[in-house]
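> What follows is each chain in one-letter form.
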Amino acid sequence: MDYLAHLLVVVLIYASLTVSLDLMIGHTGILTFGHASFYGIGAYATAILTVYAGLDWFSAMVLAFVVGALAAALVGIPTLRLGGDYFILALFGFSLIVISLIVNMEWLTNGPFGIRGVPRPSLGPLVVQSGAGILAFTAFVVALIYFVHWRFVTSPMKAALQAIRDDESVAMALGIDVVRTKIIVFTLGGGFAALSGALAAFYFRFVTSNSYGLTTIILLWAMLFVGGNCSLAGSLVGPAVLIFFPEVFRFIGGPGWDIGNIQEAMYGLLLILLMLFRPQGLVGQRVGLRS
Amino acid sequence: MLLLQLFIDGLAAGALYALTAVGFAIIYNGSRILHLAHGAVFAFGGYCLYVLVKLLGVPAFAAVPIALGATAAFGVLIDVLVYRPLRARNSSPAAILIASIGVLTLCQALYALFFSTDTLYLRQGPLPTFEFGDITITIVHVLAALVALVVFPALQLFLTRTRYGRAIRALADNPRLAVVRGVDIEKLYVLIFAVGSLLAGIAVTLVAFDLGVRPEMGFPVMFVSLVAVIVGGVGYLPGAAAGGFLLGLLQNLSLWQLSGRWQDVIVFGALLVFLIFRPQGLFGHMLATRRV
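Going line by line, the protein sequences match chains D and H.
Taking my numbering, the leading residue of the first sequence gets 1, the next gets one more, and so forth.
Taking my numbering, the leading residue of the second sequence gets 1001, the next gets one more, and so forth.
Be a bit skeptical, because a hint or two may be false.
Away from chain D, derived, C-beta distances all over 12 angstroms, residues of chain H [unchecked claim]:
1. ILE1008
2. VAL1053
3. ILE1066
4. ILE1101
5. THR1129
6. LEU1146
7. PHE1152
8. LEU1159
9. ARG1161
10. PRO1238
11. LEU1282
To spell it out: a stretch of chain D is covered by chain H in this simulated footprint if at least three of its residues, at any positions, have a beta carbon under 8 angstroms from a beta carbon of chain H; those stretches are [said to hold, decoys possible]:
12. 86-96
13. 100-112
14. 169-177
15. 218-225
It should be emphasised that the hints constitute simulated quantities derived from the structure, not laboratory data.
In this text, all values refer to a predicted model and were calculated from it rather than measured experimentally.
Don't be surprised by glycine CBs; every beta carbon is placed ideally from N, CA and C.
If we strip away everything but chain D, and leave its shape as in the complex, we get (with noise of 0.2 angstroms):
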């Protein structure tokens, strides 16, 4: 039980990483290898304030927002303005760096090793310790994500967003701000990305440099693919299905087969099928992967 409430955990914190990717990628086509580093600025963010610095964990979090949202507006500004692929290396190389730095930061992220001991939320007396307790804590939050995200994308910005990802001359010629509308929309995903890091750090109550990287940028990216392109379900489906099923591989596989290897070759395979074969993923709608 404990178990399914961990992997319960581990799926909504994916799925919020997943909407605010899909704000980003599914309906406003910014195309972005940044996510899991805001992800890890977030979560970093929070550690470093609740251990280092003894804050409560709400200021924490709202810190870590703002944090997320300003590093992204920082990149965003000078990136957004670039064309395709320019945009698409600059993140990685953005997102490398930002690996780097946590790495050789040692007197701010404790480098390699990583912080311990982030505190478990509280209400005043009410101390969230148990499985079902986290849970809860980590259900309300993910589903305020998704409330705000939903305002969102039924706002009459979704219009807007929607003619930036499918033709940026036709939304230019419509009078929109591409570059200023995709810097709002980085900006507010950075945040999201950051408040879900902090959901993390408050789960796992410790943050390392691997978690960050590129083995994250590319789950992200195959939850988003493989639940589907702007649709709240996907991103929850996609989550669902790559947590739940790996599990699976647990209890087979050859000698000295590691189940991690396994798993990135799924999520490889997977991606490629779905290109093919599913461009839309399971739930998801039919739109920006065919031109």
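Position chain H against the provided structure of chain D, taking the given hints into account.
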């Protein structure tokens, strides 16, 4: 003296990056595919050499050409099995990029499953070296220089003097016009993937005998090459080579003042600086008449 040593090391590393960067650029300029799986092709060459030399006991002089052929074929296979069907379905560049990431992830995981995540060495003991006072030159330095001196002029001749080379450049300059002029694009894709992957194979041969092979060995090299293509200027092959040498030098000369762990920050910092302030790269003005 230390500076001179770092300069020589930088040139050798630069030759390696230049080879992979030009290979990547040939594929990218012709197909506009952000072929991240190039990293997996690079590692494939390394594992071919490992299987041939260590497991089958083939002597190196015979193993290298076989491995080069297999690497070129592997690159073509990725195009035929993955990119070609996606092109046929009119997939967007984003979908092709995602599939490319899929290929990279799948290959790296398969290498790890079959050969373990450890570094596998093709040979024991230190490399043969030549000492000049304080300066040490290894056989890899010499070979890298020789390979660069042979491969780049040969490639230049191929691209400017042969029918197929001209077709490759025509495709890079203007795909529609190339089709109008009777170039068979799908055949040409086979050729650019073969040539690009062959260059990756040559580069990995230099690395594999020196440092051994690992599943994820291709990714950092591929990424530095990508940066080299940007720094040199997209669409201009000598620019990609120059970018490769420049990054190799930058990485090694930075060791003079900074510890090696800052190399990533330096290379990717250079990428961001170029992307933001000079996206056309160092030799961008040479492209004045071309659309990038």
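> Please go over all the hints and tell whether each is borne out by the structure.
Status of each hint after checking the structure:
The non-interface label for ILE1008 (chain H) is consistent with chain D: the shortest C-beta to C-beta separation is roughly 26 angstroms, beyond 12 angstroms. With a least beta-carbon separation of about 23 angstroms from chain D, VAL1053 (chain H) lies farther than 12 angstroms from that chain, consistent with its non-interface assignment. Distance check on ILE1066 (chain H): its Cβ is at least 26 angstroms (rounded) from any Cβ of chain D, clearing the 12 angstroms threshold; non-interface status holds. Separation of ILE1101 (chain H) from chain D is inadequate, the least Cβ-Cβ distance of about 6 angstroms not exceeding the 12 angstroms criterion.
In this structure THR1129 (chain H) is separated from chain D by more than 12 angstroms, as the shortest Cβ-Cβ distance comes to about 31 angstroms. The claim that LEU1146 (chain H) is not at the interface with chain D holds, since no C-beta of that chain comes within 12 angstroms of its own (minimum 31 angstroms). Every C-beta of chain D lies more than 12 angstroms from that of PHE1152 (chain H), the closest at about 24 angstroms, which supports listing it as non-interface. At the 12 angstroms boundary, the C-beta of LEU1159 (chain H) stays outside the reach of chain D, the nearest C-beta of that chain being 22 angstroms off.
The beta carbon of ARG1161 (chain H) is kept farther than 12 angstroms from every beta carbon of chain D, the shortest such distance being approximately 30 angstroms. No beta-carbon of chain D is positioned within 12 angstroms of the beta-carbon of PRO1238 (chain H); the least distance is around 20 angstroms. With a closest Cβ-Cβ approach of about 15 angstroms to chain D, LEU1282 (chain H) is found to remain outside the 12 angstroms limit, as its non-interface label requires. Look at the stretch 86-96 of chain D against chain H: 8 of its residues bring a Cβ nearer than 8 angstroms to a Cβ of that chain, three or more, so the hint holds.
Under the rule that three or more residues need a Cβ within less than 8 angstroms of chain H, the assignment of the stretch 100-112 of chain D holds, with 4 such residues. For a cut-off of 8 angstroms, the count of residues in the stretch 169-177 of chain D with a CB near a CB of chain H stands at 0, and the three-residue condition is violated. Against chain H, the stretch 218-225 of chain D contributes 3 residues with a C-beta closer than 8 angstroms to a partner C-beta. That satisfies the three-residue criterion, and the hint holds.
In this structure, the earlier hints numbered 4, 14 are contradicted, and the remaining ones agree with it.
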